[in-house]
Amino acid sequence: MSSPAGNRELLSLAERLVRFGQTSGADEIEVGLGDGTEFGVDVRMGEVENLVEAGSRALGVRIIKDGKTAFASSSDLEPETLERLIRNAVRRAELANRDEFAGLPELSDRPVDSASLDLFDPAVPALEAKRMIALAHETERIALSDKRITNSHGASFSSHEGCSVLASSNGFLGEYRKTYCSLSVSLQAGDTDDLVEDFWYSSRIHFADLESPEVIARTAVARTVRQLHPRKIKTQRVPVVFEPLMTSGILGFLFSCISGTAVYQQASFLAGRLGERIGNDRVTVIDDGLLPRLLGTGPFDSEGLPSRRTVVVEKGVLLNYLCNTYAARKLGLRSTGNADGSGVGPNNFYLQPGTPSAEEIIGSCEKGLLLIRTLGHGLNPVSGDISRGAFGLWIENGEIAYPVSEITISGNLGELLKNIEMVGSDLEFRGSICAPTIKVAEMQISGL
Amino acid sequence: MSIVFEDHFHFGPDDLRRILDAALQTGGDFADLFLEYRVYNSIHMEEDLIKETSESISLGLGIRVWSGEKTGYGFTNDLAFDKILRAARSAAAIASSEGTTAAAAGLIRATSPLSVYPLREAPHRGDLTGKIGLVKDAYAACQSHHPAVKKVKAGLQDQIQYVTIVNSEGLLVSDARPLVKLTCVAIAEKGAVREYGYSGGGGRVGLEYFAENLSPAVIGREAAREAVQLLDARDAPAGEMPVVLSPGHAGVFIHEAVGHLLEADFNRKKTSVFWNKMGRRVGTSLVSIYDDPTIPGFRGSYAVDDEGTVPSKTQLIEKGVVVGLLQDRLSARLMGKTPTGHGRRQDYTDYPIPRMANTFIAAGEDDPAEIIKSVRKGFYADQFSGGQVEDSGKFTFSVTSGFLIEEGRLTAPVKQATLIGSNVEILKRVEMVGSDLTFGLQTGSCGKEGQDVPVTDGCPTIKISRMTVGGRE
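Residue numbers (our numbering), protein chains in the order written: chain A, 6 to 453; chain B, 5 to 477.
By construction, these hints were calculated from the structure, which means they are not laboratory data. Glycine included, C-beta positions come from ideal geometry on N, C-alpha and C. Don't take each hint at face value.
Said to hold, decoys possible - Some chain B residues near chain A, calculated using beta-carbon distances under 7 angstroms:
1) Leu-53
2) Leu-290
3) Tyr-294
4) Gln-420
To be verified - List time: in silico PhoX-like cross-link candidates among lysine-lysine, alpha-carbon distance up to 25 angstroms:
5) A/Lys-335 <-> B/Lys-74
6) B/Lys-154 <-> A/Lys-335
7) A/Lys-152 <-> B/Lys-274
8) A/Lys-239 <-> B/Lys-74
9) B/Lys-194 <-> A/Lys-423
10) B/Lys-140 <-> B/Lys-87
11) A/Lys-423 <-> A/Lys-320
12) A/Lys-239 <-> B/Lys-381
13) B/Lys-194 <-> A/Lys-135
14) B/Lys-154 <-> A/Lys-237
15) A/Lys-335 <-> B/Lys-140
16) B/Lys-140 <-> A/Lys-237
17) B/Lys-87 <-> A/Lys-135
Can you build the whole structure from these sequences, using the hints too?
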């Protein structure tokens with residue numbers, strides 16, 4: 006585990022490399038360093054299958070010289086290697102073109118206190134291998150005790166603890182530690198020629214927040230067996246209810262369309278739409294990097310700007326794009342603290358929940374599809390078009406009737422945001438992009 | 005000309021032996037070491053500017069230990085010897101026998117008989133100005149192809165990966181793998197309609213490839229052509245209909261529908277729909293499928309796999325019958341088979357698993373024009389953006405552009421649609437296979453269990469009698 010002494014070592018290395026960059030000719034330089042330890046175990050059919058334990062360190066550098074940018078990274082932290090990489094980067098920068106928008110941000114005078122974010126759980130690095138292996142065993146054992154489960158892809162426990170350090174020539178120096186642990190199981194039911202499969206997981210910063218083996222196993226079993234003996238259905242247009250993981254997928258797609266990088270590149274159908282209505286008034290979307298104990302939280306972004314809460318869409322109106330410094334300058338905006346490497350990334354990006362329960366939403370459909378899984382990558386940010394393989398449960402008279410598979414669902418994100426009829430109350434922060442159950446008025450289903 | 009191997013570890017045989025001994029100190033059956041040094045360079049151009057370049061170094065060592073069916077794995081990028089021995093002990097934790105296992109007495113350096121990297125100017129050695137020139141050429145050709153093209157992005161990525169594999173059976177083998185790709189993205193606009201086009205090329209080849217085989221200008225124009233064509237495209241049809249797959253890019257169909265589910269691990273664990281179908285018919289007699297990691301210059305090729313096995317062309321399906329699996333060492337050992345050289349890993353932080361390399365469906369005898377002519381009303385899938393499969397055999401692939409087929413002719417261009425089917429049903433609906441085997445773009449990667457590796461796939465024109473097309477009309 007990275008001790009405070011280890012942090013000091015990384016901090017002083019980062020500061021030294023910033024000075025080295027400056028004396029090597031860089032006008033501006035930013036150095037990020039990470040040091041982490043990970044443990045992972047996969048258990049399958051009652052036996053340990055894989056056990057991984059490792060430590061690794063990494064460096065990322067950005068250099069600007071005469072308005073020209075070069076990046077470098079390395080997993081080799083030998084001083085000679087790092088100095089060579091920085092000198093190469095300064096030389097390479099000269100061959101790029103001058104870009105008036107390039108450069109490090111101005112330092113913020115309101116840093117976030119990382120202790121208030123509660124991102125380091127000492128219980129995670131203290132977990133013994135035996136305990137983690139036992140948790141994976143227990144999860145799979147409970148799942149396999151259900152006779153309807155015919156095979157297992159296994160249960161896994163993983164844990165990670167790491168330290169991130171950032172130093173820049175603009176005077177920024179920051180560090181924070183973060184832990185992470187996850188428990189999951191993936192199952193099959195049915196005969197070889199009529200297989201269905203699904204999984205469930207929990208991943209959290211704090212070990213105490215993790216769902217129990219019992220909950221994860223029971224949820225995975227229920228999610229798997231509900232798909233047994235699916236029917237094929239006709240091609241038609243019907244209301245579609247998205248389960249939370251499915252709405253999260255749509256929200257991930259929305260993120261790629263409101264990312265400042267995609268917007269200034271005109272690679273999003275939402276470019277040039279700031280201040281416009283892009284959805285109905287049920288749609289409020291927020292990015293919040295300050296929520297304690299959550300996976301998408303951190304005190305500062307990869308450029309050292311403090312995390313913040315940004316309302317992206319308020320009651321259907323597009324208020325903000327999420328930007329790093331470069332995208333913000335291109336768009337005449339301010340960074341929202343979403344720099345992630347050389348691009349833009351979400352913090353905790355979520356759809357504001359409504360009041361109805363998932364049962365009430367399903368109950369409101371005379372006929373419709375409850376979307377439970379998708380397959381494939383048919384999302385196009387340039388047009389907003391959606392077309393994906395889908396698995397679901399058919400809804401009739403407000404109740405689940407039977408599973409359906411081998412269908413596709415298609416539509417357009419712009420239309421979908423205007424056609425959301427209900428937003429559920431069941432928001433859970435399972436990852437950095439999260440959303441509750443929603444009901445969309447009508448979408449195209451392709452089947453027979 | 006081949007690339008001279010560079011050793012960045014400077015371990016002698018005694019050092020390697022000490023690491024193997026540490027890995028086997030708890031009685032593991034087998035141990036191997038994967039020593040990797042990789043340099044990755046990239047250039048990115050947009051808005052008429054070379055915006056950034058980057059250089060990345062990846063250096064590290066992975067240590068694997070087997071105990072029965074169990075795998076222990078440790079890795080480190082700190083090459084201090086005590087850190088390496090600690091990683092070896094982490095991997096050794098998988099085994100718990102009383103006695104220790106002795107590694108083989110002597111390491112024997114092996115060399116692969118394969119010559120799969122045809123090149124004169126190794127990409128990682130190429131000077132940056134010349135590489136920037138290639139990017140600018142693709143960019144300019146794309147931008148000037150049509151006035152509707154409003155945004156262009158072009159980039160070049162190259163890498164050199166030096167790997168050394170050492171194992172407790174005495175194997176010591178190295179490989180120096182070059183890789184390059186030049187890619188271009190176009191965004192075209194007409195009124196409120198905005199569309200995207202993509203093209204690219206490369207492989208395990210030298211920079212001369214872009215002068216002699218595939219010019220940057222062709223890559224740029226092809227990206228522009230696709231984006232512009234989509235401006236007038238209508239929504240794809242919805243429902244079940246005859247589907248014709250274009251030659252080349254549609255190899256993703258075989259990759260998803262067949263390749264993944266014949267990776268040995270899924271069959272050993274009986275999670276693949278194919279596990280009980282060895283020797284059985286799963287498709288029409290027109291379907292013969294291979295994976296060949298030995299095709300010179302291809303993205304998916306290598307002289308040895310990431311376990312040191314010399315790969316061989318492997319037949320998976322022969323005239324509709326399952327005849328082979330893609331084997332790594334672990335599955336081969338547990339199944340009593342021979343490794344086929346398909347044990348691959350993304351990098352030193354991952355243990356190897358069975359993977360595809362260059363997967364293709366063999367050419368048939370049908371005239372491609374006759375295949376299209378045979379369809380009265382259907383869908384022609386032209387350009388693809390990837391796919392996904394699950395172990396049950398349900399698979400999808402995404403079409404970025406296509407055409408309607410009406411009365412045996414390609415008519416209106418159509419845009420994005422996902423196609424879905426169940427492999428055991430779709431393979432039985434392959435009605436015609438063209439004589440025009442073509443490989444797709446040399447720019448693709450495949451993801452499995454969080455590990456990305458470069459692959460290619462290929463196929464001739466293929467007709468599937470019925471498949472669900474997920475359009476909007």
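Each hint, compared with the structure:
1. Leu-53: holds, 4 angstroms
2. Leu-290: violated, 22 angstroms
3. Tyr-294: It is violated, given that the least Cβ distance between B/Tyr-294 and chain A is near 25 angstroms, above 7 angstroms.
4. Gln-420: holds, 5 angstroms
5. A/Lys-335 <-> B/Lys-74: violated, 52 angstroms
6. B/Lys-154 <-> A/Lys-335: Holds - the C-alpha atoms of A/Lys-335 and B/Lys-154 are around 17 angstroms apart, at most 25 angstroms.
7. A/Lys-152 <-> B/Lys-274: Roughly 17 angstroms between the alpha carbons, so the hint for A/Lys-152 and B/Lys-274 holds.
8. A/Lys-239 <-> B/Lys-74: violated, 46 angstroms
9. B/Lys-194 <-> A/Lys-423: holds, 24 angstroms
10. B/Lys-140 <-> B/Lys-87: violated, 45 angstroms
11. A/Lys-423 <-> A/Lys-320: Since the Cα atoms of A/Lys-423 and A/Lys-320 sit roughly 11 angstroms apart, the hinted pair holds (cutoff 25 angstroms).
12. A/Lys-239 <-> B/Lys-381: This hinted pair holds, its Cα atoms lying about 19 angstroms apart.
13. B/Lys-194 <-> A/Lys-135: Given that 25 angstroms is the threshold and the Cα spacing comes to 61 angstroms, the pair is violated.
14. B/Lys-154 <-> A/Lys-237: Roughly 42 angstroms between the alpha carbons, so the hint for B/Lys-154 and A/Lys-237 is violated.
15. A/Lys-335 <-> B/Lys-140: holds, 22 angstroms
16. B/Lys-140 <-> A/Lys-237: Roughly 50 angstroms between the alpha carbons, so the hint for B/Lys-140 and A/Lys-237 is violated.
17. B/Lys-87 <-> A/Lys-135: holds, 22 angstroms
Violated hints, in rising order: 2, 3, 5, 8, 10, 13, 14 and 16; the structure is consistent with all others.
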